[in-house]
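A.B. asks: Just so you know, the protein sequences line up as chains P and X, in that order. Under this note's numbering, think of the first position of the first sequence as 34, with each following residue one higher. Under this note's numbering, think of the first position of the second sequence as 53, with each following residue one higher.
Hints are computed from structural coordinates only; laboratory data are not their basis. Owing to the predicted nature of the structure, the values given are computational and were not obtained by experimental measurement. One or more hints might be untrue.
Unchecked claim - Beta-carbon label-pair distances, calculated as ranges:
# : chain 1 : residue 1 : chain 2 : residue 2 : range
1 : P       : S113      : X       : F176      : 38 to 44 Å
2 : X       : Q105      : P       : R450      : 49 to 55 Å
3 : X       : Q105      : P       : V494      : 43 to 49 Å
4 : X       : R188      : P       : E189      : 21 to 27 Å
What the hints assert, rightly or not - If you want the footprint, here are the derived chain X segments under chain P, 3+ residues with CB under 8 Å:
# : region
5 : 61-73
6 : 83-89
7 : 95-101
8 : 104-118
As the list claims (entries may be wrong) - Covered stretches of chain P, as calculated for chain X (at least 3 residues, CB under 8 Å):
#  : region
9  : 85-98
10 : 148-161
11 : 182-193
12 : 230-242
13 : 354-367
14 : 507-518
From the three backbone atoms N, C-alpha and C, an ideal C-beta is built for every residue, glycine too.
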Amino acid sequence: MNDAEPIADVLVIGSGAGGGALSWRLAQAGVDVVCLERGDWTDPATYPAATPDWESHRVRDFHPNPNVRRRETDYPVDDSTSPIKPLMFCGVGGSTIMWTAHHPRFHPSDFRVKTLDGVADDWPLSYEELAPHYELNDRMVGVAGIDGDPAMPAREPRPVPPLPLGEGADRLVGAFDRLGYHWWPADSAVLTKAYDGRLACNNCGPCELGCTRGSKASSDITYWPKALDSGARVLTRAAVREITVDEAGRANGAVWLDDEGKEHHQRANVVVLAANGIGTPRLLLLSTSERFPGGLANTSGLVGRNLMLHPIAVATGVFDESVGSYHGPDGLTIFSQEWYETDPDRDFVRGYGIQVTRGQGPLISALGGFALDVPWGRGHHERFEQLFGRVATMAILMEDLPHESNMVKLSDNERDRFGVPSPQMVYEVDDNSVRMAKHGIERSSEVLYEAGAREVLTMDVLPMAGFHLMGTARMGVDPGRSVTDAFGRTHDVPNLFVADGSLFTTSAGVNPTPTIQALALRIADHIVETRRNMSVPSHA
Amino acid sequence: MPDSSASVTLDADRLAALLETLLPGSADWPAASELDLASTVNRRVGMAEGHDQAIARLLAALPAEFGDASADAREEVLREHEGTNDFGVALLVAYDAYYVHERVLGLLEQRCGYVTRPPQPEGFTLEPFDESRLARIREREPFWRKA
Numbered sequence: 034m035n036d037a038e039p040i041a042d043v044l045v046i047g048s049g050a051g052g053g054a055l056s057w058r059l060a061q062a063g064v065d066v067v068c069l070e071r072g073d074w075t076d077p078a079t080y081p082a083a084t085p086d087w088e089s090h091r092v093r094d095f096h097p098n099p100n101v102r103r104r105e106t107d108y109p110v111d112d113s114t115s116p117i118k119p120l121m122f123c124g125v126g127g128s129t130i131m132w133t134a135h136h137p138r139f140h141p142s143d144f145r146v147k148t149l150d151g152v153a154d155d156w157p158l159s160y161e162e163l164a165p166h167y168e169l170n171d172r173m174v175g176v177a178g179i180d181g182d183p184a185m186p187a188r189e190p191r192p193v194p195p196l197p198l199g200e201g202a203d204r205l206v207g208a209f210d211r212l213g214y215h216w217w218p219a220d221s222a223v224l225t226k227a228y229d230g231r232l233a234c235n236n237c238g239p240c241e242l243g244c245t246r247g248s249k250a251s252s253d254i255t256y257w258p259k260a261l262d263s264g265a266r267v268l269t270r271a272a273v274r275e276i277t278v279d280e281a282g283r284a285n286g287a288v289w290l291d292d293e294g295k296e297h298h299q300r301a302n303v304v305v306l307a308a309n310g311i312g313t314p315r316l317l318l319l320s321t322s323e324r325f326p327g328g329l330a331n332t333s334g335l336v337g338r339n340l341m342l343h344p345i346a347v348a349t350g351v352f353d354e355s356v357g358s359y360h361g362p363d364g365l366t367i368f369s370q371e372w373y374e375t376d377p378d379r380d381f382v383r384g385y386g387i388q389v390t391r392g393q394g395p396l397i398s399a400l401g402g403f404a405l406d407v408p409w410g411r412g413h414h415e416r417f418e419q420l421f422g423r424v425a426t427m428a429i430l431m432e433d434l435p436h437e438s439n440m441v442k443l444s445d446n447e448r449d450r451f452g453v454p455s456p457q458m459v460y461e462v463d464d465n466s467v468r469m470a471k472h473g474i475e476r477s478s479e480v481l482y483e484a485g486a487r488e489v490l491t492m493d494v495l496p497m498a499g500f501h502l503m504g505t506a507r508m509g510v511d512p513g514r515s516v517t518d519a520f521g522r523t524h525d526v527p528n529l530f531v532a533d534g535s536l537f538t539t540s541a542g543v544n545p546t547p548t549i550q551a552l553a554l555r556i557a558d559h560i561v562e563t564r565r566n567m568s569v570p571s572h573a
Numbered sequence: 053m054p055d056s057s058a059s060v061t062l063d064a065d066r067l068a069a070l071l072e073t074l075l076p077g078s079a080d081w082p083a084a085s086e087l088d089l090a091s092t093v094n095r096r097v098g099m100a101e102g103h104d105q106a107i108a109r110l111l112a113a114l115p116a117e118f119g120d121a122s123a124d125a126r127e128e129v130l131r132e133h134e135g136t137n138d139f140g141v142a143l144l145v146a147y148d149a150y151y152v153h154e155r156v157l158g159l160l161e162q163r164c165g166y167v168t169r170p171p172q173p174e175g176f177t178l179e180p181f182d183e184s185r186l187a188r189i190r191e192r193e194p195f196w197r198k199a
């Protein structure tokens with residue numbers, strides 16, 4: 034095994050939303066950071082949005098599901114036991130390369146779920162404690178949005194104004210107003226004005242195919258250039274196989290495999306896992322030893338458990354005429370948090386947010402898009418024409434409660450190209466979410482009809498919706514009910530940290546990326562503050 | 053995306069019949085056969101791992117007389133395969149070939165107002181967000197839950 038590389042102060046595994054933010058923050062504080070990334074750098078000039086068959090890529094090599102995309106740098110995920118499929122990307126920037134760039138914050142109440150509603154657990158930190166790092170992240174990302182949302186506490190002004198509504202969302206705004214329901218322009222990690230050397234969005238549409246202009250804040254173009262300037266290093270095509278420990282049980286590095294399957298050992302004084310809510314528990318479970326037979330940092334038995342995915346239901350309104358629905362960032366317009374908080378008069382706890390999305394191109398629309406019932410065979414063309422470009426979709430994103438039975442474990446059946454066991458998702462949508470979906474579809478349909486839709490098409494659970502991977506190495510105060518403390522430090526291994534969605538104690542009803550990045554920045558600050566006194570490993 | 057040959061050879065007649073059943077055409081929209089979609093599919097099907105084998109399996113599972121059967125009968129046969137992974141792949145490959153065809157793109161432009169050029173580099177122009185739209189919602193008192 035080759036371990037000739039110098040010992041790093043901090044080894045970061047994964048370069049996505051969390052890994053990028055944390056690496057930058059550490060490097061600009063003078064910490065020597067090495068990041069191991071399984072995938073490659075991606076070149077925005079090669080993203081498909083400028084090619085004639087751009088939509089074909091969306092169903093092949095740019096599909097968000099690694100099991101469909103099957104790039105050499107992907108690892109398969111055994112999803113045979115989950116109705117919601119995994120969506121993720123391996124590469125510098127991680128899944129932010131393919132995200133639709135929603136940038137909402139958690140509510141203060143999301144950190145106190147047990148206290149307020151008697152379910153799940155409280156987070157070991159508060160909104161107010163995380164707020165300074167939310168603000169810092171907003172500035173790094175260049176969030177588009179506007180102040181004054183009555184559903185959220187006041188905050189610093191967003192760096193750039195909100196995205197254009199587009200005709201579909203424009204119709205819905207009037208309907209929300211007439212019905213007296215909350216709506217607000219989406220907080221978006223897409224620039225509406227030039228910012229920090231990046232171009233403004235030109236409303237091309239398919240954000241999930243990668244942004245050729247750099248308007249979307251994937252972490253390869255926000256955090257990584259600055260991290261590299263500060264001295265951080267990224268090793269790409271480095272597939273980590275396990276975290277190693279010294280005789281005292283401290284993390285002392287990671288074994289990774291290069292393209293030829295040759296093993297390398299990167300040594301480090303501190304190790305941070307930021308490989309997402311599936312990749313991180315996979316690596317912890319793979320890192321077994323005499324001292325840690327059930328996987329690293331797993332004394333609680335909770336590594337991999339409490340997987341939360343945010344089930345998404347959809348209601349798509351069909352209008353009589355075109356609403357130009359394929360123009361503009363496809364996931365981003367407005368949102369509603371009218372039904373976000375627990376209401377004892379409803380038959381579910383917690384709540385959901387609604388995001389109004391735009392439509393999709395002809396191929397995805399023909400294949401069914403968001404609940405479009407386009408038949409094959411006779412009638413295909415007539416129905417396609419009734420729907421294409423004439424829809425507005427309301428995506429009902431539900432808070433997913435943690436259950437230990439929902440989990441990531443090592444697959445008995447699937448392995449990656451190096452023969453390392455793949456992760457397996459074992460997941461069921463719970464009854465609370467089923468009831469929530471019903472409520473969300475009813476309310477969304479009301480809004481869509483009020484907006485003039487002539488019909489509303491619905492889907493209870495969107496299968497291709499597993500972008501939000503959370504809870505599988507949860508934070509907490511009690512080492513018996515959590516894997517890490519409030520700073521992402523594992524209870525069992527004092528110099529091993531987690532900095533991705535695995536940390537989430539609960540899922541809230543909003544997209545997780547800003548919270549992942551705020552936590553990562555906070556964890557980086559904590560490492561900087563405490564590393565002088567941290568117990569570091571021996572490097573024999 | 054470069055064209056790529058499939059690793060298995062698909063039965064051209066049976067493939068054509070399959071595609072014609074999936075995309076039979078209507079008064080305004082061309083049928084698969086009018087676009088020689090079978091040739092396109094044969095050329096492109098190897099671009100994604102496993103697609104050629106999936107379609108080969110589906111074709112092999114169809115009855116021998118499938119190509120000569122009536123439209124009703126062919127449709128009935130395919131209904132039995134609906135929901136299978138192989139059928140899903142066939143549908144994806146068929147639509148993928150259809151909705152990038154020049155003639156279909158022309159119809160999308162003409163009948164749906166769809167701009168058929170790639171989204172980049174030109175993008176699209178949309179009206180900027182009009183802050184006055186917030187007038188009504190701004191009147192609402194903060195309602196977030198204190199914790």
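A.B. asks: Hint compliance check: list the failing hint numbers for this structure, sorted ascending.
C.D. replies: 2, 3, 5, 6, 8, 14
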